[in-house]
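Colleague: Listed below are the residues making up each chain.
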Amino acid sequence: MKPDERKDLTEITVIRHGPIKISGDFIITGMDQEIMNTEGDIFLCRCGGSEKKPFCDGTHRKIGVRD
Amino acid sequence: MYQRNRKYSNGEITVYWKPSTCIHASTCYMKLLDVFNPRKRPWVNMQGAPTEKIIEVVNQCPTEALTWKWDDEKKNQDVTETDTNHIKFKRPEMGESVKENQVLQVDQDIPLKIQVMKDGPILVEGSYLLTQPDGSKITMKGISSFCRCGSSNTLPFCDGKHRKIGFTG
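So the sequence lines, in the order shown, correspond to chains A and B.
Take any residue in the first sequence, note its place counting from 1, add 1, and you have its number in my numbering.
Take any residue in the second sequence, note its place counting from 1, add 613, and you have its number in my numbering.
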């Protein structure tokens with residue numbers, strides 16, 4: 002996206018008792034410094050229990066996240 | 614809160630530790646445990662690695678929690694911007710308060726940089742709009758780190774607890 006086409010700030014939404022949602026313009030690197038998917042919204046695990054870390058797989062519904 | 618600040622020297626360089634600005638990115642002990650070991654006291658062992666290696670890892674601290682300088686003052690004249698965490702570029706002197714967001718020059722046109730730290734938090738660098746669990750919105754700028762282990766006492770932010778509970782992933 003060119004700078005002049007940018008409309009809004011990237012948004013990070015901390016979902017109550019759930020994951021972190023990131024939407025907008027961002028670059029995410031994983032634990033091995035590789036660039037991961039940056040298309041569309043992503044949901045990152047906050048409960049520590051996901052089998053698909055760093056992404057959310059819904060496990061928080063079973064184990065809960067304090068907020 | 615300056616009394617918790619520490620400095621460590623090996624005769625060649627001095628490393629400054631300013632805990633109040635640490636965001637628990639964990640870069641230091643993941644890269645150089647022989648020098649930076651949070652389980653030991655003192656947690657910094659300047660004899661644990663060659664000076665060049667210590668400088669390399671201190672320069673990777675994303676905040677100004679770890680900074681350094683040459684003990685030979687003449688050498689401090691010659692540092693370049695690649696030495697990102699030299700006190701010339703971060704925290705002019707120990708104990709001096711630093712204005713918020715002073716560390717980073719954030720350009721709104723640069724995409725938000727997100728880094729998932731191994732066994733640690735999510736590091737976020739740049740400007741963004743944060744919506745908290747209670748629905749409140751706040752514009753953030755600079756560096757922050759979000760908890761991934763679920764055990765932080767400062768949720769949604771990281772407080773370093775992942776290390777104590779042995780979080781992996």
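Treat the hints with care, since some could be wrong.
Straight-line C-alpha distance at most 20 Å; calculated DMTMM-like pairs for lysine to aspartate or glutamate [unchecked claim]:
#1 Lys726/B to Glu52/A
#2 Lys750/B to Asp9/A
#3 Lys54/A to Asp42/A
#4 Lys726/B to Asp68/A
#5 Lys701/B to Asp732/B
If the Cβ cut is set under 7 Å, some of the chain B residues that face chain A in the computed set are [said to hold, decoys possible]:
#6 Met643
#7 Leu645
#8 Leu725
#9 Ile735
For the record, the hints were derived by calculation from the structure and aren't laboratory data.
None of the values given here were measured: they were computed from a predicted structure.
No residue lacks a Cβ here, since even glycine has one placed at the ideal position from N, Cα and C.
Colleague: Compare the structure with each hint and give your call.
Modeller: Status of each hint after checking the structure:
no. : hint                 : result
1   : Lys726/B to Glu52/A  : violated (24 Å)
2   : Lys750/B to Asp9/A   : holds (14 Å)
3   : Lys54/A to Asp42/A   : holds (16 Å)
4   : Lys726/B to Asp68/A  : violated (24 Å)
5   : Lys701/B to Asp732/B : violated (32 Å)
6   : Met643               : violated (10 Å)
7   : Leu645               : violated (17 Å)
8   : Leu725               : holds (4 Å)
9   : Ile735               : holds (6 Å)
Hints 1, 4, 5, 6 and 7 from the earlier list are contradicted by this structure; the remaining hints agree with it.
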